[in-house]
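Required output: the full structure, derived from the provided sequences and hints.
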Amino acid sequence: MQRLWEWFDERLHLAPVRRALLDNLHKPVPGHVNWLFTMGAALILLLSVQLLTGVLLMVYYKPTGREAFASIESIMYEVPLGWLIRSAHNWGSHLIVILALLHMFRVFFYGGFKKPRELTWIVGVMLLAVILGFGFTGYLLPWDQVAYWGTVVATEAPASLPVLGPITREFMIGGNEVADATLGRFYVVHVFLLPLLLLSLMGLHLLLIRYQGISSMRRTDEPEPTPAQLRVDGGEPFFPNHVLRDSATMYVIFGVLVSLALLYPAHIGSPADPLNTPAGIKPEWYFLPAYQLLKYVPEVVGVNMPPLLVLVLVLLPLVIDTSPERHPGRRPRVVAGWLIVSAVIGLLGVLGHLSETSSTFFGTTYHFDVQGVPHRVVDVAEGGEEGGED
Amino acid sequence: MRWLALLSLVLAWPAGAQDTPEVPEGQVSLDDVWCTVCHFEQGDEFALSVHYQRGLLLCNDCHGGNPFEPDAEVAKAQDTGFIGKPTRSDIVTLCAKCHSGPAEFFALGPHADDTDPDSPTCVTCHQNHLVIDATLALMDTTCAVCHRGDSRVEKRVTAIESKLAGAEASLVAMAVRFDSLQGLDAGLRRSVGLLEGAGAALRQVEPRTHALDMGLIGASIDAFDEEIAAVGEVLDESEHWRQRRGWIVVGVWLFVAANVTLLWMRRRTL
Chain A
1 MQRLWEWFDE
11 RLHLAPVRRA
21 LLDNLHKPVP
31 GHVNWLFTMG
41 AALILLLSVQ
51 LLTGVLLMVY
61 YKPTGREAFA
71 SIESIMYEVP
81 LGWLIRSAHN
91 WGSHLIVILA
101 LLHMFRVFFY
111 GGFKKPRELT
121 WIVGVMLLAV
131 ILGFGFTGYL
141 LPWDQVAYWG
151 TVVATEAPAS
161 LPVLGPITRE
171 FMIGGNEVAD
181 ATLGRFYVVH
191 VFLLPLLLLS
201 LMGLHLLLIR
211 YQGISSMRRT
221 DEPEPTPAQL
231 RVDGGEPFFP
241 NHVLRDSATM
251 YVIFGVLVSL
261 ALLYPAHIGS
271 PADPLNTPAG
281 IKPEWYFLPA
291 YQLLKYVPEV
301 VGVNMPPLLV
311 LVLVLLPLVI
321 DTSPERHPGR
331 RPRVVAGWLI
341 VSAVIGLLGV
351 LGHLSETSST
361 FFGTTYHFDV
371 QGVPHRVVDV
381 AEGGEEGGED
Chain B
391 MRWLALLSLV
401 LAWPAGAQDT
411 PEVPEGQVSL
421 DDVWCTVCHF
431 EQGDEFALSV
441 HYQRGLLLCN
451 DCHGGNPFEP
461 DAEVAKAQDT
471 GFIGKPTRSD
481 IVTLCAKCHS
491 GPAEFFALGP
501 HADDTDPDSP
511 TCVTCHQNHL
521 VIDATLALMD
531 TTCAVCHRGD
541 SRVEKRVTAI
551 ESKLAGAEAS
561 LVAMAVRFDS
571 LQGLDAGLRR
581 SVGLLEGAGA
591 ALRQVEPRTH
601 ALDMGLIGAS
611 IDAFDEEIAA
621 VGEVLDESEH
631 WRQRRGWIVV
641 GVWLFVAANV
651 TLLWMRRRTL
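Protein chains in written order, with my numbering: chain A, 1 to 390; chain B, 391 to 660.
Simulated from the structure, these hints should not be mistaken for lab results. Note that the coordinates shown come from a computational prediction; the quantities given were computed from them, not determined experimentally. For each residue, glycine too, the CB sits at the ideal point set by N, CA and C. Don't take each hint at face value.
Partial chain A-side listing against chain B, Cβ under 10 Å, derived [to be verified]: (1) Met76; (2) Ile268; (3) Ser358.
Here are the simulated distance ranges between beta carbons [unchecked claim]: (4) Asn176(A) x Ser570(B): 17 to 25 Å; (5) Trp654(B) x Leu102(A): 17 to 25 Å; (6) Tyr77(A) x Gly416(B): 38 to 46 Å; (7) Gln633(B) x Leu102(A): 28 to 36 Å; (8) Thr277(A) x Glu463(B): 50 to 58 Å; (9) His630(B) x Ser358(A): 43 to 51 Å; (10) Trp654(B) x Thr277(A): 34 to 42 Å.
Quick look at the structure:
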């Protein structure tokens with residue numbers, strides 16, 4: 001190993017690079033850094049698993065309307081461990097969204113997005129958009145009824161935009177309706193463009209984090225603490241202390257992912273049938289707030305809301321929260337706004353999940369209509385009418 | 391639940407007849423059928439039958455003639471194939487057009503006695519105009535009409551009913567078990583054919599009951615039992631595989647715990 005290193009060092013003069021890397025690796029992290037700061041590492045693990053399982057799935061998946069579903073069936077039933085690989089890929093996609101949101105919440109509450117780390121935050125927001133893009137394009141690939149009709153509904157929304165709407169939709173799906181051309185486009189975006197974008201942005205995100213270091217809790221108008229000051233304030237070296245924490249979290253997340261894939265394998269529905277619309281079509285859980293919002297507001301407004309939210313996130317460190325304070329208690333208005341918006345999004349998601357279903361709470365059955373409004377279902381045997389309003 | 395729906399299709403033994411003689415979708419209204427002007431009692435009964443409610447038959451399918459012709463003489467003209475009231479042998483032939491299986495096995499049974507003009511035909515048990523779905527309960531009422539107090543017949547009826555009811559119950563139970571396990575084992579989807587095969591085997595039993603031959607019924611029930619046992623084996627295997635996966639999960643967490651512990655123990659030495 002030593003001889004190999006010497007061979008490279010002799011030619012490339014890597015010693016200064018190595019020294020810089022080791023210095024960076026041993027640079028202390030601020031004293032307040034705890035287990036909540038390991039979600040980024042868990043995301044790296046999950047994204048790597050997605051990349052690996054995705055490549056393995058690509059070996060057997062056939063992205064044509066005639067073959068896609070059959071190839072998924074083959075992966076599930078014939079390819080050795082195909083079911084496990086697809087299930088891990090499926091569960092991984094859900095865990096990534098959950099962890100990415102938690103990671104973003106953590107950064108927001110610790111004020112890590114503030115000066116001088118605005119760029120890291122903006123790249124992070126772009127990464128979140130890319131992750132959601134993976135979910136959107138990957139949803140169609142099994143080419144089953146839910147995937148097909150879910151995509152039909154989701155791609156109809158942009159068509160309502162004035163002027164560019166119909167063209168945007170046509171560009172997205174490659175024609176007037178979701179068909180082979182759509183599958184081909186979504187496949188290329190899912191397995192080539194988005195991974196390329198993801199790897200580039202992830203590299204930039206990590207580079208910025210390592211270059212600037214993890215944010216302290218000091219005000220932004222105070223100078224950044226030096227490594228010596230961080231050590232005095234109780235900071236521990238990134239390696240091995242924080243790396244060990246990261247590793248432990250990665251092991252636990254790996255355990256969760258494998259357990260979910262083993263115990264609850266990915267579902268496979270019936271093949272896509274463009275002539276038969278199934279009841280109760282809904283998007284993935286993380287798109288439910290946007291789906292539900294479209295039921296309350298004009299389509300033009302509803303369709304523009306998600307991109308607007310991304311824009312708000314991008315502008316957060318630049319325009320919205322420019323105060324020098326990092327502690328959430330010292331910037332109550334922004335924190336309250338964040339919590340209110342999060343609660344509304346969460347509520348929309350819950351309503352979207354419940355809409356057009358019936359559930360029993362404390363012995364009473366309710367039917368939730370399209371808008372998510374509950375109606376008490378009165379037992380006919382009790383003399384009432386079914387569907388009577390509470 | 392979708393399996394229960396499938397089951398009703400597999401068995402094709404749904405619950406009783408409609409209460410109200412509504413005109414089913416795609417069916418001709420009996421107000422447009424001239425036969426019912428005179429034969430209104432038969433028309434009222436036929437309106438409630440499964441043959442009418444499912445849009446399967448009209449008067450002329452069994453009696454010939456032209457039901458849409460207001461002139462009775464023209465409607466019953468020879469060239470319309472009018473046969474009027476079918477004879478005893480006509481009845482079995484007519485029913486056999488659609489119900490060939492039951493007719494085939496009926497011919498093997500004790501009631502297929504062409505020499506006896508009073509021996510029963512299809513309509514004796516199933517009625518002529520008010521034909522409802524055949525259920526096992528039909529045997530309780532129809533057999534007793536002629537065989538009340540005949541312990542030998544009653545015993546045979548009970549035996550047939552119990553064998554069929556048992557088979558139906560095991561198919562329902564297997565379908566419910568299949569449905570509950572399918573949510574946890576996507577691979578079971580490939581074994582749907584086995585369950586459908588069991589349903590088809592049970593459907594084979596139904597026509598054989600018309601022969602009233604316990605040997606014949608027993609053999610077809612045995613064939614069904616074999617099919618349902620094959621489904622059971624697949625479900626047992628699925629449950630065992632799920633248990634094994636549970637143990638693999640335990641192994642995964644032991645691996646995670648061991649590695650995290652090792653990492654923590656090495657913390658000081660790194």
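Evaluated hints:
1. Met76: Holds, about 6 Å.
2. Ile268: 5 Å, holds
3. Ser358: Status violated, d = 13 Å.
4. Asn176(A) x Ser570(B): 17 to 25 Å: 42 Å Cβ-Cβ, so the 17 to 25 Å window is violated.
5. Trp654(B) x Leu102(A): 17 to 25 Å: 23 Å, holds
6. Tyr77(A) x Gly416(B): 38 to 46 Å: For Tyr77(A) and Gly416(B) the Cβ distance comes to about 39 Å; the hint holds.
7. Gln633(B) x Leu102(A): 28 to 36 Å: Distance hint for Gln633(B), Leu102(A) holds at roughly 33 Å.
8. Thr277(A) x Glu463(B): 50 to 58 Å: Between Thr277(A) and Glu463(B), where Cβ atoms are some 52 Å apart, the hint holds.
9. His630(B) x Ser358(A): 43 to 51 Å: The hint (43 to 51 Å, Cβ to Cβ) is violated, given that His630(B) and Ser358(A) are roughly 35 Å apart.
10. Trp654(B) x Thr277(A): 34 to 42 Å: 54 Å, violated
Figure legend: structure checked against the earlier numbered hints; hints not met, in rising order: 3, 4, 9, 10.
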